[in-house]
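Novice: Sequence:
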Amino acid sequence: NKHPKEIHLKVPDALGDTVISTAVMRALGKAYFPDTTLIVYAKNPSLLESCGDIDELHPISELPRSGYISLDGYLNQMPHTAQPHTHISHCMINEAESELKKQGFDLRLDHSYKPGIILADEELYKSTDEINELETRYGKRVVWISTKTSSPNKDWPQEYWKEVIAATSEDFTFLELLAP
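Add 7 to the 1-based position in the sequence shown for the working numbering, that's all there is to it.
For the record, the hints were derived by calculation from the structure and aren't laboratory data.
C-beta: ideal position from N, C-alpha, C; glycine also.
One thing to keep in mind: the hints can contain errors.
Claimed, not checked - The following label-pair restraints were derived from C-beta to C-beta distances:
#1 10 / 174: 42 to 52 Å
#2 142 / 167: 19 to 29 Å
#3 176 / 155: 34 to 44 Å
#4 135 / 59: 17 to 27 Å
#5 90 / 115: 19 to 29 Å
#6 23 / 136: 20 to 30 Å
#7 156 / 121: 13 to 23 Å
What the hints assert, rightly or not - No more than 25 Å apart at the CA atoms, straight line, and that leaves these computed lysine-lysine pairs for PhoX-like:
#8 147 / 169
#9 50 / 155
#10 12 / 108
#11 50 / 169
Turn these sequences into a full structure, and let the hints steer you where they fit.
Specialist: Take a look at the structure:
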């Protein structure tokens, strides 16, 4: 199989999806495509600045008109609502394979890669301090949730959230993220 010289990759806009897309970058990374340049376009590029699998990182405003792979179609696989439930990173890797195939590259990517949150040491230390402060304030571990999303097939019914919170509220404090 031939390999592309460059891969221009557009990641989904949502913050969580951007982080989850790091699994695709790993699947497309230097272990599989050692001579391929991976060029990534993101709405929130700062989330990916420390991702070692990216050769070039650009804001979404610099996305070319054509010739790129978009991961946005992964939602068509209904990973959140269809049975059996499929991890989003798996669906994104499927989408990358499908998009590569459209460009004439019939490749099978490794689906075992998981997303990674890539923090600089300073960010890690600061976030650890902030989490410790919150846990001290609330007297228990803190979990951030987002009960509303910008994508309807990601919305979990409110009664499910209530059930999870009720079942675990002795051990955790839940903080709502301000979503869309």
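Novice: It remains to establish, for every hint, whether it holds in the given structure.
Specialist: Hints, one by one, checked against the model:
{"no.": "1", "hint": "10 / 174: 42 to 52 Å", "in the structure": "48 Å, holds"}
{"no.": "2", "hint": "142 / 167: 19 to 29 Å", "in the structure": "25 Å, holds"}
{"no.": "3", "hint": "176 / 155: 34 to 44 Å", "in the structure": "20 Å, violated"}
{"no.": "4", "hint": "135 / 59: 17 to 27 Å", "in the structure": "22 Å, holds"}
{"no.": "5", "hint": "90 / 115: 19 to 29 Å", "in the structure": "25 Å, holds"}
{"no.": "6", "hint": "23 / 136: 20 to 30 Å", "in the structure": "23 Å, holds"}
{"no.": "7", "hint": "156 / 121: 13 to 23 Å", "in the structure": "21 Å, holds"}
{"no.": "8", "hint": "147 / 169", "in the structure": "18 Å, holds"}
{"no.": "9", "hint": "50 / 155", "in the structure": "20 Å, holds"}
{"no.": "10", "hint": "12 / 108", "in the structure": "15 Å, holds"}
{"no.": "11", "hint": "50 / 169", "in the structure": "32 Å, violated"}
Hints 3 and 11, counting from the list given before, are not met by this structure.
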